[in-house]
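Engineer: In case you want the letters, here they are:
Number of protein chains: 2
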Amino acid sequence: MIIGGAEDKLRKRTILREFVAASGGEDARIAVVPTASSLGAEVIEVYDALFRREGAAEVIAVRPESRDDAHDDVLIKTLDEATGIFMTGGNQLKLSAIVSGTPLGDAIVAAHRRGVVVAGTSAGASIQSSHMVAFGGPGATPKQRMTQVAAGLGLLESSVIDQHFDQRNRYGRLLMIVSQSPSLLGIGVDEDTAAIVEHQEVDGADHEVLRVIGRGSVTIFDPSRITTDAFEAKRSAPILASGVILHALPEGSSFDLTTRTLVPQGTLVDLEEAAEIAVASHDLRRMARDIAAADASPQALRRRMARTRKSTPPPAAPQDGATS
Amino acid sequence: MIIGGAEDKLRKRTILREFVAASGGEDARIAVVPTASSLGAEVIEVYDALFRREGAAEVIAVRPESRDDAHDDVLIKTLDEATGIFMTGGNQLKLSAIVSGTPLGDAIVAAHRRGVVVAGTSAGASIQSSHMVAFGGPGATPKQRMTQVAAGLGLLESSVIDQHFDQRNRYGRLLMIVSQSPSLLGIGVDEDTAAIVEHQEVDGADHEVLRVIGRGSVTIFDPSRITTDAFEAKRSAPILASGVILHALPEGSSFDLTTRTLVPQGTLVDLEEAAEIAVASHDLRRMARDIAAADASPQALRRRMARTRKSTPPPAAPQDGATS
Chain A
252 MIIGGAEDKL RKRTILREFV AASGGEDARI AVVPTASSLG AEVIEVYDAL
302 FRREGAAEVI AVRPESRDDA HDDVLIKTLD EATGIFMTGG NQLKLSAIVS
352 GTPLGDAIVA AHRRGVVVAG TSAGASIQSS HMVAFGGPGA TPKQRMTQVA
402 AGLGLLESSV IDQHFDQRNR YGRLLMIVSQ SPSLLGIGVD EDTAAIVEHQ
452 EVDGADHEVL RVIGRGSVTI FDPSRITTDA FEAKRSAPIL ASGVILHALP
502 EGSSFDLTTR TLVPQGTLVD LEEAAEIAVA SHDLRRMARD IAAADASPQA
552 LRRRMARTRK STPPPAAPQD GATS
Chain B
252 MIIGGAEDKL RKRTILREFV AASGGEDARI AVVPTASSLG AEVIEVYDAL
302 FRREGAAEVI AVRPESRDDA HDDVLIKTLD EATGIFMTGG NQLKLSAIVS
352 GTPLGDAIVA AHRRGVVVAG TSAGASIQSS HMVAFGGPGA TPKQRMTQVA
402 AGLGLLESSV IDQHFDQRNR YGRLLMIVSQ SPSLLGIGVD EDTAAIVEHQ
452 EVDGADHEVL RVIGRGSVTI FDPSRITTDA FEAKRSAPIL ASGVILHALP
502 EGSSFDLTTR TLVPQGTLVD LEEAAEIAVA SHDLRRMARD IAAADASPQA
552 LRRRMARTRK STPPPAAPQD GATS
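Same order as they appear, the protein sequences are chains A and B. Under my numbering, residues 252 to 575 are what the first sequence spells out, in order. Under my numbering, residues 252 to 575 are what the second sequence spells out, in order.
A hint or two may mislead.
Remember, identical chains collapse to one label, so a pair may be satisfied in a single copy or spanning two.
To be verified - Pairs of lysine to any residue residues, derived as SDA-like cross-links and limited to a Cα-Cα distance of at most 25 Å, are as follows:
id	residue 1	residue 2
1	260	528
2	485	517
3	263	323
4	485	527
Because the hints were derived from the structure by calculation, they are not lab data.
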């Protein structure tokens, strides 16, 4: 569960609620990892209150502050027994510097493998991809050296995640990364928005499907057909990135990460229009019957039409109070 | 010539210089249309000085301030005799409100048709497309109603141009427009950057080709394969825009607007690498000769190799001072 930062904590709380539900609701044992943050205790207090309000049974802090701490058996046991893991925002390089390649980092990866929901917001979102945006500047135009990449936890393979995407104008830097690494899929998540990645069986095969919830969008850059000069662009020059396929996905849309295609949605039906079509369809069927009858016996038809004129109107629209 | 605003006026002046050259250099008669601007006289003074410094013979103001003015025969005659037309920045809705659909507007279109270079910066860029961004907010995520479209002059058909693209974060609004109007090509031009559109013969057919100069990039959104819910997205909700093909084009790249594809570039040759390859190639040719000789007469080969060891080194690198 990849959250773009600044998830709504006070009003609708869509994302936090969905996380607690996915962690088991009343049976949820949630481990909060606040290592990215410079605040620590305060951050734990906030998420403890939030997750308990949504009904979680237990909220436990797992707060390594050094690579030594990340070998602590008690912390690792907590992760092993958690039904949900939540990584807070802050500095993703601090988080990965302390956690990646340690038994504690391995415990997060293992929990994810056995189906425990692992969520993270902001820095805690960035670290989930195989390749992590370490830091970098804003701007819509991709430029050489505008950002740095480090290794993430790899919960999501062959990808690079960016967050606060709309709010901090991070189009350019994500485009720069996928131009330099066209095997990766770029995933930009807006604030108060989450990309939920689940495994689904599609035609007998296992696919990773990304679903969007929240107020903003998830932007995907698919560079598989890119033409680029990223390997020779100099200093901080703008980079050529031609032929990137762009997907801007609002709440309710789903994207198949395995095939890199949008999952088709059912169309919304307009009830008024449906009522009009039902009436037209009734009229058409009658007209077809009349034409057939006229072919068979013109006289019989004239008699029936005379009767019809005096009686039934077309059927009522299927919705009471529908106007046209 | 579509300039994204804030073109460099003091230092390298790449764009203004190219405009004057395209207008005829020393023979250039340039008409400046400052109508978008609220300044007028000052703006004319600045561009008059700039174009004269680049060697233009004449710079003449064409400044209609009402639709009545836009019927003035003297102004229209100036446009008819100009070898270059330059529309300044300001408010593109003011410019189109005064000029579009008037004899003066028609004179600009006619000049463009007969091959006179028509340039515009900022507002003067926006008005060149068939569909014009009237105004709208910033942001990377496309949202319903975040911008308004009006009619432009249509020098560039089936397109919508946006400017200050990187600097004012206008990704979202341009994406919104092409989602609602997938017959259009979206063209976003950064500051101090120009998209120069020229007609070229490609395989016997007339193509419009866009070439980029300047410090930033030109971003193109091709929505021809889009899947979108723009027709039913409510209020200010984020819009689904899946499958848009994105091209970020820095200086030196060319894009065929007719086929909507990147024009392939010659690869830059690294001189050091070329020198190394020349040496390797010489060695390989010798090795091939030696192998052939060994097959023919092992004894003759041994004699020749003994001689060779004492004499010629491989040829010098093709560039003096090249290192490897």
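Engineer: Could you run down the list of hints and mark each one as holding or not?
Structural biologist: Comparing the hints with the structure gives:
1. In this assembly of identical chains, residue 260 and residue 528 lie within 25 Å of each other by CA distance neither inside one copy nor across copies; the values are 44 Å within and 62 Å between.
2. In this assembly of identical chains, residue 485 and residue 517 lie within 25 Å of each other by CA distance solely across copies; the values are 17 Å between and 47 Å within a copy.
3. Taking the shortest Cα distances, residue 263 and residue 323 never come within 25 Å of each other, neither inside one copy (37 Å) nor across copies (60 Å).
4. With identical chains, the CA atoms of residue 485 and residue 527 are at most 25 Å apart between copies only, with a shortest distance of 22 Å across copies and 62 Å within one.
Hints 1 and 3 from the list above are not met by this structure, while the remaining hints are.
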